[in-house]
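Need the complex rebuilt from these two chains, each delivered in its own frame; the hints are there to steer you.
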Amino acid sequence: MGNSSRKPSLFLHSSVLWPALGMALLLLFNLIYDPDFFRIGMRDGRLYGDIVSILLQASKLIPVVVGMTLVIATGGVDLSVGSVMAVAGTLAAMLVASASMPVAAAILIAVLVVMLIGSVSGVLVAYVRVQPIVATLIFMVLGRGMAMRLTKGMGVPIENEAFLFLGGGYVLGIPFAVILVFAFAAAVAVFLHKTAAGLLISAVGDNASASRLCGIRQARLKIGIYAFSGVCAGIAGLIAAARVQSAEPARMGELLELDAIFAVVVGGTALTGGRFSLAGSLIGAILIQTLVWTMQKLGVPSDVTPVPKALVILLVCLLQSPRFRAQLTAPFRRNPVMKAPA
Amino acid sequence: MIMKTIPSTPLILKRAGLGLLALCAAVLTGCGGGGGEGAGLTVGFAQAGAESAWRRAETASIKDEAGKRGVNLRFSDAQGKQENQIAAVRDFIAQGVDAIILAPIVETGWDDVLGEAKDAGIPVVLVDRGVDVGDDSIYATLIASDFVAEGKMAGEWLFKKSGGKARIIELEGTPGAAPAIDRKKGFDDVIGQHAGMEIIASQSGDFNIEKGKEVMEALLAKHAGEVTVVYAHNDDMALGAIQALEAAGKKPGEEVIVISIDGGKAALTALVEGKMNCVVECLPLLGPNAFDAVETIRAGGTLPKWQKVDDQLFDADNTDAAFAENRPY
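These protein sequences, in sequence, are chains R and G.
Numbered per the numbering used here, the first sequence spans residues 1 to 342.
Numbered per the numbering used here, the second sequence spans residues 343 to 671.
Please note that a few of the clues may not be correct.
What the hints assert, rightly or not - Within a straight-line C-alpha distance of at most 25 Å, the following computed SDA-like cross-link-like pairs (lysine to any residue) qualify:
1. G:K650 / G:E449
2. R:K152 / G:T611
3. G:K593 / R:G41
4. R:K152 / G:R471
Stated by the list, open to error - Looking from chain G toward chain R, a few residues come up when the C-beta cut is under 8 Å (computed):
5. A392
6. A395
7. P517
8. I551
9. L561
10. K564
Don't read these hints as lab results, they were simulated from the structure.
Every residue gets a Cβ at the ideal spot worked out from N, C-alpha and C, and that includes glycine.
Pulled out of the complex, with its shape left as it was, chain G reads as follows (with noise of 0.2 Å):
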């Protein structure tokens, strides 16, 4: 469009221009589609984005189940921002959808989008977080894990298994986002009520391999003559964790208990190489819970307001490489 309005540039380029733009577009809705052709409802499921293997996993489960059960789904990708997925809710309400899946993006900012959606007479079924809104007759019901109950079950996993004594390394979430803040909170609640249990450095590597790496050499370089056991809030952080305590010399699982949060292929794969102790679940598989919400509601049954996922815990006790293989995301 930019392009449009340069009167002195050649044609090629102009062509060449909007070719590129035109290439931008199919690359940036390639990932939509989807949806069975079988009779039956119309579901619009408006995900947050695609940026993680878990997202991936949960858009696959909904699209999946969708499938076995001929619902006719749409489906929008609102590419990690807030606007688009408001108006992917709009459209599906436009369109006359019977109900809508909603991955909300951030908390707030929800109020008058699923207003709209209430008075259409469209339940939301909301998936993997919460919102923060004035009334919450607007939506119908939330299927989400509880963070807080994660962090807990990991810091209670890591009181039975030490015997009470740690010395911890703490890689925190992005700052402000809600599992960070609830898998902290969790975790740290436990480990409060234990004075031989302390938390001696806690940094966020911004749930990533590359920044959880990092922030481990540099906690390593102050803390490696103590520090007996990693948490990290999720997969990724505790995977750089592992290569940082193996560069500094130290044996991951050995030497230094690794806990993280997810629960995903590659987590499990090191656990079952001994690398990983403690592998706490955060379910991304949605799919069935979330159509089953839909076909309740439709039924006319009511729903509590948060359905928790149930989610385990996996260590070298109930865990083996023919399960790790298998993990689906």
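With the rest of the complex left out, here is chain R (with noise of 0.2 Å):
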């Protein structure tokens, strides 16, 4: 509640400790069991190991994920983005497979038209009062129906080099798709710092009355967001579809969105708006494809991967919760907890 007037602090905010600290436990545990785990070799001017793959596996999350913590930021979510994903990789790589359109100008066109769908669902949601889950839910439907119009949904594979350099393309031995994820995450952070903006999505989903007596342009300002969270998710799908050389409308990005909110979630983002940790959400995105990596490698059931996944998740979820926190550490104090910190 009532810690609107502070600027989130981007890095040293405190609840980036828990999902660090979890994802230490996990690169410990891979310390122990896979030493290997932490190889990191050269190959024809390459870098390759298991980390510069899970990142390169997390470089579709990683936008995904800083569009959805500022739209959780508001008090809302979007489901919307996995379809939208699949919407703007079948699009720019129909433009340039059918209609031989420059890469560019094809990517700046499936940018453009998720950037509509999302600021259509900023509408419902800002004007319509709809409520954010059932706004983004028409477009998850909606998005991936489109997608799959778009291609008669058949997968549209891609051959243009240029485009294929988004997912395979290397920079210094760097994986691009990483650099890029990982720039555009530095600059949204910058952005938010440097400016008011971030103050301003805080102040909305802590206290949306507050925030308009302050004088806050409450609907402009959450088009805006839904808007900015169809461009992420856009440039995932653009990042995906080029990783597998074809965009497929039925699968892209099918059940990223659920990724994406629990990464914000273990990032410390709490769904009820507020604060935010944009770094957290990172730490959350690679907590996630780290995990997943570690299972399959391991070689746990298909099965019952779910399993460890959701425990995982709930420990980070608990850490993360003051009043768990203080009931797990009462016994050891001295004066009894008289309150958890709200």
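What follows is the structure, given as structure tokens:
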């Protein structure tokens, strides 16, 4: 409640501590059971190794998580991101393949289209007052339908070298997709830190009435945030399509919205809105990807993999809960805990 | 509908909102339609969805065949939801169609609605997947591939090709899906009979290219030194695995044998290019068989409960570029 006057600090926020601790535990586990995990080598001028692969696999989740963090900070949620990924990926691939459009133009059009989709969600939320979960659910269904209709349901192969570079290119031995998404996340973080945008977003999510009385134009802000989330998902869709050299309208981004929400929550941003932590969300995204990787490598049977995933997320969420921590440490304190911090 | 109940909404936005819903409805129902005008039988086809190239090929095959035979086809796409499909079957019953073709989304939950079809005297021909019902007289026949046999064909081909020595990574389909369970069983049974062949890792790639690639990347991080074979439960995962192998500096098709099931155009093209070694077919072109069945039933004939589709095996010996190029799906 009362913290809306504080500017959200992006990297030293205490909530980053807990996902970071979860990440550290997972890395420690790998250090003990699979020392190869940390080995990084060079092949044909390209870095390779488990960590490189994990970051590359996370490169489609990271932009989505950046957008989702801001949407959740306003007290909303964006379920449409997976389908929007498919729209952007298939549209760009179609424009390049069928219309032989230059890649840059195709990408620009795809990004504008998903920005439009995002802003319509934003209008539904901000003006029509549709619940965010419903407004974005509409586009989760509609976006998938649009992508399917666009390609008649077929996967669109991507052969253009410039397009493929997005997902498979390397710069100085580092995957280009990894550089791109981290640079993007850093740019967003800097923008939020240097301008009042981060503060306004937190204010709206924290206390809508108070922020309206303070003169914050909530509707415009929200439309902008949902449009931005659309763009983030669009970037992710372009990377995902380039990664597998094919835009798959039916499967691309499927259930990714849930991983993104997990990452944001694990990263210390509450679904009730208000304070957010972009750095925490990024750690959350990498944590999820590392966890999946570790289980696959260890040979955990596929039908039980959701269980450890859920347990790790539960653990991090419990660690984040001040009340849970207070109860956990209560027996070891001299004075009984009078009240858990809010 | 939701928007109508909000009183303070500006009119223009209301209209925009309703327009949006109309657009939504147009896109969702846009895949419907079809059906010939020819006199003769009226047949309802309750399709599961349009989620893969395979399923769209199946739909096209049934629509084309209906057109050829002058059958009046009523088509319904359930968009992946069983309740839609049950509603579609009920509609067909209410319309009094002559027969129903059903591609069930899941195996269970069909007793009631198929019982109603039987009571109405409408024969039901199941395609591509079976149903788990108490009384199997409520459907006329099932026309479907034998997934266990497909896995077995892949395993036996591998035994011959590898001379009985193989270290295999298996990419499974979605956990719990019938093709994933059966293709694993058929293959693993053959491998289990030969001491020199071993499955060193088996993980789900969820029947899609992205997951197939990601799982393969993780498994290669551990098994790159020893793997000699990748067996994928469908084309897409095999195509993803090929990309992962190439990224890891391994030559798919040469250093590592790649086997897939389904036999779409992309997989056959990879086969012709030498990146894939064996493709077991799972034929979606069931239109002719389905309408043959309908005609047989109408003529009073009886059919076996399961007519197995005659799936073939493709490898470098029997497949050329022209064949891959002409593959309709």
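Tell me, in ascending order, the numbers of any earlier hints that this structure violates.
-> As far as the earlier hints go, not one is violated by this structure.
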